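Engineer: Let the hints inform the model, and build the full structure from the sequences given.
These are the residues of each chain, in order.
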Amino acid sequence: MNASPLALVYLWKEYRAQRTLLLAYFALVWPSLMLVFLAHRETSTEGNGGVVLAAFVAVGMLPAIFFVPSWLTGFELTAARGDLFVRRLPGMLAPAFGGKLLFLSLTSIGLPLLSLALGELFVWIAGIECNDLWRIEYDGAARWRYLGYTLWALAAIGLAPWVWAASLWMSRGRFAAPAAGLLCAALFGAAFALLRLAPGLDRSIASWHWLWFVWPTGLLVAYVSLVIGRRGGSAARSACCGLTTTALLATPLFAWLGMTVWGYHHPDPYALRDLHVVSTSEDGRHILAFGAGDKEWDCVPVLIDLENHRCRRLASTRSWTGPDVLSPAGLRNRKRARYWLVEDRSTTQLVDLETAEVTTLAPDEIATQGARPERQDLPQRLRERLEQARRLESQLRVPGFPRSWIVDATLFLEDEEGTVHTHSMPHSCSLVIARGHGALLIGPDKKKHLFDLIRRTLVTIPCAHDDQPVRGFAVQSHWLHRHEKRGSFYSFDSRTNTCTPCGFEGEIVGLFGDDAVLVKKKTFTKVHETRLMTYDVIRGELSNVLELPASRFVVHSMAPSNADEVRLTIFDPKEQVQRRVLVNTTTREVTELPSVPRWTFFVDDVRALATSEDRASIVEIDLRTRVQRVVYPMPGGPNGAR
Amino acid sequence: MNDVVHIEGLELGFSRKQRVLSEFDLTLEPGAVTVLLGTNGAGKSCLLRALIGVLRPRRGTVRVFGLDPVREQRAVLTRTGYVPDTPDVYPWMKVRELFRFLEPQYPTWNAQLAHELCDRLAVPPRTKFKHMSRGQGMKAMLVAALAYEPELLLLDEPFAGLDPVVREDVLSGVIDSLRAGRRTVLCATHELDIAARIADRVAVLHDGRIVAHDTLDAVTERLEGPAAATPTCLKNLLVEASA
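These protein sequence lines map, in sequence, to chains A and B.
Mapping to the working numbering: the first sequence position 269 is 269, numbers consecutive.
To convert, take the position in the second sequence, counting from 1, and add 1000; that gives the working numbering.
Hints in this document: simulated from the structure, not taken from any laboratory.
Certain hints may be false.
To be verified - Across the chosen pairs, the derived CB separations fall in these ranges:
{"no.": "1", "chain 1": "B", "residue 1": "Glu1011", "chain 2": "A", "residue 2": "Leu182", "range": "34 to 40 Å"}
{"no.": "2", "chain 1": "A", "residue 1": "Thr20", "chain 2": "B", "residue 2": "Glu1029", "range": "45 to 51 Å"}
{"no.": "3", "chain 1": "A", "residue 1": "Leu114", "chain 2": "B", "residue 2": "Glu1029", "range": "55 to 61 Å"}
{"no.": "4", "chain 1": "B", "residue 1": "Arg1071", "chain 2": "A", "residue 2": "Leu253", "range": "28 to 34 Å"}
{"no.": "5", "chain 1": "B", "residue 1": "Asn1110", "chain 2": "A", "residue 2": "Phe175", "range": "54 to 60 Å"}
{"no.": "6", "chain 1": "A", "residue 1": "Leu8", "chain 2": "B", "residue 2": "Glu1023", "range": "41 to 47 Å"}
{"no.": "7", "chain 1": "B", "residue 1": "Asp1025", "chain 2": "A", "residue 2": "Leu8", "range": "50 to 56 Å"}
{"no.": "8", "chain 1": "A", "residue 1": "Leu113", "chain 2": "B", "residue 2": "Pro1124", "range": "36 to 42 Å"}
{"no.": "9", "chain 1": "A", "residue 1": "Thr244", "chain 2": "B", "residue 2": "Phe1014", "range": "19 to 25 Å"}
{"no.": "10", "chain 1": "A", "residue 1": "Phe175", "chain 2": "B", "residue 2": "Phe1014", "range": "19 to 25 Å"}
{"no.": "11", "chain 1": "B", "residue 1": "Pro1124", "chain 2": "A", "residue 2": "Thr20", "range": "18 to 24 Å"}
{"no.": "12", "chain 1": "A", "residue 1": "Leu113", "chain 2": "B", "residue 2": "Glu1023", "range": "55 to 61 Å"}
{"no.": "13", "chain 1": "B", "residue 1": "Glu1011", "chain 2": "A", "residue 2": "Ala117", "range": "54 to 60 Å"}
{"no.": "14", "chain 1": "A", "residue 1": "Trp256", "chain 2": "B", "residue 2": "Asn1110", "range": "51 to 57 Å"}
What the hints assert, rightly or not - Interface residues of chain B toward chain A, partial, derived using beta-carbon atoms under 10 Å:
{"no.": "15", "residue": "Ala1050"}
{"no.": "16", "residue": "Arg1074"}
{"no.": "17", "residue": "Ala1075"}
{"no.": "18", "residue": "Pro1104"}
{"no.": "19", "residue": "Arg1201"}
Every value quoted in this text rests on a predicted model; they were computed, and no experiment measured them.
Even for Gly, the Cβ is constructed at its ideal location relative to N, Cα and C.
Structural biologist: See below:
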């Protein structure tokens, strides 16, 4: 033993000190487990071998986590003089720490493995099936069923050094496990409380991986508590040193976490990720977008000016952004909305996308989210501008009236000459969703009604499928809907109260002139192929417009119902581009326009604006030359210097 | 600064209010056998623990071989032997195992000497400490403290509570070790006959301070005089011992 490193001497001492109790523990626990599992033997073909082995591993882990670490200190104490003997030896402190660490490591690994080996032997002798260890997935792959438990067990092993450290702080090493549990719970509780302030942050910083730091940090705290704390000191000095080290280790972690949470809610507007554009001004200069500091994080609303490359963060992640400034909600087309309301906890801002003007509204003007009452206290000039926007951006379509909108319980119809006609509605509504020549109304009582804008009456569809009444689509008082039993589309004539089959299945895209609807019809001859067709509700005829090979999503321009042309944007998943077509509603002539990238949000005659594939920048595409250039963020911020 | 032990202005205590030693000064010259006399609770054991770095001084300087026993504990402990008042070894340990445990920790460990001392003092090598009598345990502790031939030997009332035969064995072991070389010894006790048999000098500890530090005769003479500051009980004891 002369040549043995001192750590090995202390390893031997720990083994000699603890072996009796460990033997007594396993002599009690192992036979008990065997008896229990023999009594409750699973007779199915799958067996419960996995449960048996997991139980054996668990009982092997218990002493490694709870008993051995506290005994490392507790067994230094003798009845006569406490731990005076070991503290007066030259090999105390650093070499003793090494020996104890070796013993703790060996028991942490060895005891569960030893217990597992005995469990395997028991399972083999008792003839218990172990088919429940693996789970067969739908893809045929076999997956380890206890993966989650295994990871938790490995994380729990990380507690062992903390129990050891706590045993050095407590008088005679008592209550070390509960003390370590409380300390770790407090630290993890604080960390998770911070993480909860930022949903998704845990995924982006892979918080699970941080659990592995529990083991080395616990060892460092135990080292300081023993080697420095016990140098001429007692449990109180160990506690002082250990807790100071814990605080020193935790401070940078929590500072970093706090800064990350701050950055989460207040991301750098020139380094945004996960950009998605909500709306643009008519000329595409001003952009209202959402972006976040990381892909997994919640987004904040930002206002980007592409001319001077400035970006302004409007609110934090805990904000609400919507175009519904005046009641009723849902009336305006979000993609074309000029005015947007951004509500934070303390401020309400009105954003004018045409001028990039941001008006801060007084707190008493903040409407309650959800049930949004009509604002009565807006400045007169602002109210007039908002009412004008409501009129211009309304999505309601009535043949013969270029513009139509609703305010409270009144329907406003503006004819070609600009004369506005008003009609009373059955009741007031807080939310309006356009449905062709009809609308879905949701009143203050939250009840849903279909409203025929031509006949100006409420409509009830008798044979609609489940929730399809609210999805009904009106064309000239004919309400297209899915049949409750057949699933295919039927037309309900609200004038005669009759239902007739339309003869197609698919999706309604939007209005096509005054008498027809554009339909995306599935074809069963070729997989993943669809056809754009029109359905004339008066004649009950389907007509082909366009083949859409491998196309999935079609976006309608929401042009007025009597418009001459309908502009369609078709997403092509194969080419990852947006195809754009112009369909003449009279001649049905289809004009192909230059296609644009997948994430395009603005197109005019000469250029398109799109977010990049990684959603971190905005690019401008010249439609003639196809040359792309980044317009946001500019390197170094606006004008090259932030 | 060739003193083996040099203590100056030492203050020791368990809490801010409870002071054990205060403004304590002591110097031990090489080869001197000093007996620290004091009543129970005078702070003798605390002083010895401060010398081996187990207790951290609140104030003052402690130097053993010119080293700080707290900061340079290992260097101090390899040259210092310590015998407690009761065996403080793990109860599951055998004497043989204790020696195997201690041997790698002391570079000067003399296995031959340990064997001889065990034989001379009749220490059972295969017996666990929990099965030993107090006297056997104390003899084993003495052997363990002497086997690495320390330059400084600290004895914390090793003879207290022993029966006369065993007490004589232990004492003879100590006296033999004193003869073996120029070893400095500090022996804390309140037994004056021991002081009379082994001490070159006597230090009297009272109320946390050294009130007398000289040869036994000089201390006795001084304590009998009118300026004596020691309590009556200890004075009487000292007078009785010198008689």
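Engineer: Hint by hint, say whether it matches the structure.
Structural biologist: Consistency of the hints with the structure:
no.: 1; hint: Glu1011(B) x Leu182(A): 34 to 40 Å; in the structure: holds, 36 Å
no.: 2; hint: Thr20(A) x Glu1029(B): 45 to 51 Å; in the structure: holds, 48 Å
no.: 3; hint: Leu114(A) x Glu1029(B): 55 to 61 Å; in the structure: holds, 58 Å
no.: 4; hint: Arg1071(B) x Leu253(A): 28 to 34 Å; in the structure: holds, 31 Å
no.: 5; hint: Asn1110(B) x Phe175(A): 54 to 60 Å; in the structure: violated, 43 Å
no.: 6; hint: Leu8(A) x Glu1023(B): 41 to 47 Å; in the structure: holds, 45 Å
no.: 7; hint: Asp1025(B) x Leu8(A): 50 to 56 Å; in the structure: violated, 43 Å
no.: 8; hint: Leu113(A) x Pro1124(B): 36 to 42 Å; in the structure: holds, 39 Å
no.: 9; hint: Thr244(A) x Phe1014(B): 19 to 25 Å; in the structure: holds, 22 Å
no.: 10; hint: Phe175(A) x Phe1014(B): 19 to 25 Å; in the structure: holds, 22 Å
no.: 11; hint: Pro1124(B) x Thr20(A): 18 to 24 Å; in the structure: holds, 21 Å
no.: 12; hint: Leu113(A) x Glu1023(B): 55 to 61 Å; in the structure: holds, 59 Å
no.: 13; hint: Glu1011(B) x Ala117(A): 54 to 60 Å; in the structure: holds, 57 Å
no.: 14; hint: Trp256(A) x Asn1110(B): 51 to 57 Å; in the structure: holds, 56 Å
no.: 15; hint: Ala1050; in the structure: holds, 9 Å
no.: 16; hint: Arg1074; in the structure: holds, 5 Å
no.: 17; hint: Ala1075; in the structure: holds, 8 Å
no.: 18; hint: Pro1104; in the structure: holds, 5 Å
no.: 19; hint: Arg1201; in the structure: violated, 25 Å
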